[in-house]
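**Q** Residue 355 in my numbering is what sits at position 355 of the sequence shown, and the numbering runs on without skipping anything.
It cannot be assumed that every hint is accurate.
To be verified - The calculated lysine-lysine pairs, modelled on DSSO-like cross-linking and capped at a C-alpha distance of 30 Å, are:
(1) LYS368 / LYS95
(2) LYS380 / LYS95
(3) LYS187 / LYS325
If you are wondering where the hints come from, they were derived from the structure by calculation, not from laboratory data.
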Amino acid sequence: MQALNRNQLFIASCLALLVTSLSFGIRAGILSRLGIEFNLDKAELSSITASAFWGFPLAVIIGGMIVDVIGMKRLLILAFVFHMAGILLTYAADKFSSPYWALFISTLLIGIANGTVEAACNPLVTALYPDNKTTKLNHFHLWFPGGIVIGTLIVYFFNQAAISWQMQVAMMLIPALLYGVLFAKQKFPVTERVASGISTSEMYRSLANPLFIFMIICMFGTAITELFTGQWIDVLLRNVSGNAILILTVSTGVMALGRAFAGPIVHKLAPHGVLLMSAILSAFGLYLLGNTSGNMIFFGAIIFGMGVCYFWPTMLGFVSEYLPKTGAVGLNLIGGAGMFAVSLYMMFMGSFYDQLIAKNLPAGADLKLYNSMEATLEMKTALAAANKAAGPEILNATLVIPLALIVAFTGLFFFMKNKKMAVVQ
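Given only the sequences and the hints, what does the whole structure look like? Please build it.
**A** Right, dumping it as structure tokens:
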């Protein structure tokens with residue numbers, strides 16, 4: 001019988017998450033370019049981007065419900081198929097009569113693939129490392145910011161070399177093919193919930209735990225703070241900083257380093273202490289991004305990266321450690337809730353962003369015309385000024401979310417401290 005190869009499974013999981021993160025980093029880098037090439041306004045760009053955040057919760061929630069039935073291996077084969085279809089359709093978007101719909105559908109497919117990866121890999125990591133779950137989830141999830149760094153650098157250097165955005169998208173095929181091959185050859189364990197003998201009915205009853213519901217609500221805020229800001233940073237700050245995409249590179253680079261060294265921090269502060277610290281730093285970093293200029297923006301990016309660094313994996317780790325009976329469904333509902341909140345917020349902010357830009361343009365200006373290839377130099381100058389004013393306003397509007405999280409996680413910190421629940425690492 002084939003032996004379980006824990007290291008190979010973990011490496012393949014990291015490669016699968018790398019494809020997810022490359023899709024975020026490269027899409028963030030080419031978003032403005034797509035808007036110009038296909039004459040898309042901010043609302044259309046936001047709906048394309050948001051489709052990834054619709055596909056993700058759909059896949060992660062359904063995947064969480066069926067992972068124990070069909071197994072993690074079959075779920076990851078489905079993720080591979082969706083990734084390949086989404087990447088290839090994005091690559092060929094300019095060949096369709098409606099590039100908008102080609103980009104929308106392809107981004108949706110990639111979002112479904114990304115959610116399916118999370119649906120299988122989060123319970124896989126906790127099953128592989130039952131005595132070190134929060135730390136190993138941080139190590140696994142370091143490939144999300146790590147991949148965004150790689151993706152943004154691909155965009156930056158490929159743009160410098162005048163290499164097409166299509167070739168930038170095609171770079172995602174390399175890790176996708178690698179994880180597909182690796183997973184196809186491996187034997188998989190059962191999920192931790194199945195291994196511990198917790199029944200399916202008990203798992204679903206555990207979802208009504210008030211603490212779990214509280215964490216779902218908090219995940220709305222942590223996901224929006226991290227993912228909305230990261231995905232839109234190049235658009236929001238392009239006219240404020242000459243190298244806006246490098247701001248994302250800096251913040252996600254800090255995130256990757258932080259997650260790599262998560263173990264001692266999680267042991268020292270416990271998950272609830274880490275979450276409170278993260279909310280405070282996120283709020284301060286977001287304030288700096290929206291209210292400074294020049295090199296101070298990069299300082300803000302460092303603080304922001306330190307803040308959002310532990311949000312996602314530590315939210316998952318908290319649920320896995322303190323609410324283990326919720327099983328794979330609990331882990332994946334947390335992730336799905338976060339992505340769903342981001343999709344709604346992104347759609348709302350896309351329209352709000354257009355309104356802010358229009359407010360700063362001459363009365364009666366056609367935003368589509370100002371944003372098109374036919375725009376005059378005067379129009380482009382006026383649009384750049386309007387964008388420069390609107391981007392930081394969006395960041396300042398978003399600042400209220402991490403401020404609310406500080407209050408929520410302060411309450412959680414004292415609640416957990418009073419409960420005196422020991423962290424098992």
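**Q** Holds or violated: LYS368 with LYS95, Cα cutoff 30 Å?
**A** holds, 22 Å
**Q** Hinted pair, alpha-carbon criterion (30 Å max): LYS187, LYS325. Please report holds or violated.
**A** The given pair, whose Cα atoms are some 25 Å apart, holds under the 30 Å limit.
**Q** LYS380 and LYS95: Cα distance at most 30 Å?
**A** Roughly 28 Å separates the two Cα atoms, so the pair holds.
This entry satisfies every hint, going by the numbered hints stated previously.
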